[in-house]
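J.: Protein chains in written order, with the working numbering: chain A, 1 to 341; chain B, 1 to 241.
Honestly, the hints are just simulated from the structure, not real lab data.
Misleading hints may appear alongside valid ones.
To be verified - Once the Cα atoms are required to be at most 20 Å apart in a straight line, the calculated DMTMM-like pairs of lysine to aspartate or glutamate come out as:
hint, chain 1, residue 1, chain 2, residue 2
1, B, 8, B, 219
2, A, 209, B, 58
3, B, 188, B, 171
4, B, 188, B, 6
5, B, 188, B, 65
6, A, 209, B, 92
To be verified - Derived, one-sided and incomplete: chain A residues facing chain B with beta-carbon distance under 8 Å:
hint, residue
7, 159
8, 338
9, 340
Every residue, glycine too, gets a C-beta built ideally from N, C-alpha and C.
Residue strings, one per chain:
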Amino acid sequence: MTADVEKRIPPVGRITLRGLGESETGLAFIAFIVMALLPIFVSGYSIYILPQYMLFGMMAMSLGLLWGFVGILSFGQAGFFALGAYTMGLAMQSDLGINPAYIGMLLSLVAGGVLAAVTGYFLFSAGVRATYFVLVTLALSIMVEQIAVSQSDITGGWNGMFIDRISLTFGGLGEISLNEDAPAYYAVLPVVVVTYALLRWLTSARFGKILAGIRENEDRMTALGFSISVYKTCAFALSGAIACFAGALYGTHANFVAPSLGGVLFSTEVVVWVAIGGRNSLLGALLGGILVATLSNYLSTITPEYWQLVLGLIFIVVIVFFTGGIAGAVAQLPRLWQSRS
Amino acid sequence: MSVLLETKNLSKQFAGLVANQDIQFSLEAGSIRCVIGPNGAGKTTFISMISGHLSPTEGRILYKDQDVTDLSVIRRARIGIARKFQTPTVFDNLTTYQNIELAVLRTGCPRAKRHGRIFEVLDLIRLSDAWDRPVQFLSHGQRQWLEIGLLIAIEAKLLLLDEPTAGMTAEETASTARLVQMLTQEFKLSVIIIEHDINFIRDLRAPVTVLHLGRVLLEGSFEEVAANDQVREVYLGHEAG
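Just chain A, with the same shape it has in the complex (with noise of 0.2 Å):
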């Protein structure tokens, strides 16, 4: 080694920043003080509506993880989401002493990790590669849709079902209902937070740069020795475990489960909401999922017509304009400033 390798400064990018690069952990801070505050200045139906939108954005991170950093599209997430709904159902049916909400949380992560995990072995060890995994994933978005269809008896069919709100208990120590809409926001955003720093610093860990090299050469990493296929079934595995958490959370959060919540024309909005809000940034994937599930919902209410018909332009203008989304417009603008000066 040369003397002075120690004075050379130690490299300021890493791999895995993209999107909306270096800023990216300013603005991130910015965005949760926002969340934080607003139940100050804002009541009413926002703060009933919004921790919702914060667990899609979750669910969105989820599909950020795969799609940006790995490369692999999984159109299958709302599949993940919705089992972990019936999941918290179920566990709120039970009556087994302790806590069901505990149960519920933990068997949607283990659900949801498991399943992908299953899934993910299979198609990745056997060298399934993009186009044939979003198919697979579309399969198992309607498999979840059928099943709690026809499994009535414990789904309730088309019916859907009824999910009690949870409260947390501390033991001893008390107890935080969550049927008001307060407590609920202030119980669902730091579990975003927590995701979102839990995802950004394994993207830039030794995994994230792992998974990173997995998307940019496949051959390349497989000739070094990676494992390609249990990274791979990692990083599903994890994308899978968290929103089957989101979707436990919100099921609880909405009062109710039905099969449409884990069909292919969800899954395809969730596609919808990280393409947009930049699928290369895990906060771009959030904030995506938050705004364009507020904005439909406000473009539903003015133009219950054209609603979709708005969105989807947005959509196409997006895309071909943005292809890093919103995010990667944001990451572009210092650069623009810099050329005009």
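Once you have looked at the hints, place chain B on chain A.
T.: Quick look at chain B alone, frame taken from chain A:
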């Protein structure tokens, strides 16, 4: 010196087309071997069987006296057999540093030593100054070097280089020859090189194996091979003269 790699009756057929036939090959540890032959002679097929990208129809491959014929590409890379492809196969959207970093991550090098190790490799392949440059902006020759750097970084013992000097200037070709010689002399690596560039092969001063129609036509020093009438006829033409 001990034998590092040996192939026994190695054959490969593609639906009746004989790509390799009964190849008996032996490489000593710490040595270089050039594999030459006209297009379609079966050179890349031969290397692909050693790297695990193709499985032979018949025959065995022994590496450090261990039968590796049935091992996957990943397992072979992990025991030290690593390959550079004909077209540079690197991570184009990442920087030079990040490319080498990925390879170093494979080795389980402790975090504290990673940075130093990455620059050690970058120094060897003379890309230290371009550490933060995205690889897509490097010259073709530099990308070839980077790919060799990836193999060094995973601590490979046997490097399989498929046309490492393709697209290089005469000067770059000469320094590639020096790099390969240094790797064998200082780091005791072993190298099998597929090449078309006669000057490069001459510079290496390494034994040459000539393949023709999937069979070994001749083995010997560059001078012996260049002087052989049969070789001149099938491959070298008038270039050697």
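J.: Min Cβ distance, residue 159 of chain A to chain B: is it shorter than 8 Å?
T.: 49 Å, violated
J.: With the threshold set at 20 Å, check whether the alpha-carbon distance from residue 209 of chain A to residue 92 of chain B stays at or below it.
T.: The given pair, whose Cα atoms are some 14 Å apart, holds under the 20 Å limit.
J.: Need the status of pair residue 209 of chain A, residue 58 of chain B: alpha-carbon distance at most 20 Å?
T.: 39 Å, violated
J.: Against chain B, is residue 340 of chain A within 8 Å by beta-carbon distance?
T.: Violated, about 24 Å.
J.: Is it true that the CA of residue 188 of chain B sits at most 20 Å from the CA of residue 65 of chain B?
T.: Holds, at about 18 Å.
J.: Please verify that hint: residue 338 of chain A, Cβ, nearest Cβ of chain B, below 8 Å or not.
T.: Violated, about 18 Å.
J.: Residue 8 of chain B and residue 219 of chain B: Cα distance at most 20 Å?
T.: 16 Å, holds
J.: Could you grab the alpha-carbon distance between residue 188 of chain B and residue 171 of chain B and see if it respects the 20 Å cut-off?
T.: 25 Å, violated
J.: What's the verdict on residue 188 of chain B and residue 6 of chain B, does the C-alpha distance respect the 20 Å limit or exceed it?
T.: 18 Å, holds
Consistency note: the structure conflicts with the earlier hints numbered 2, 3, 7, 8, 9.
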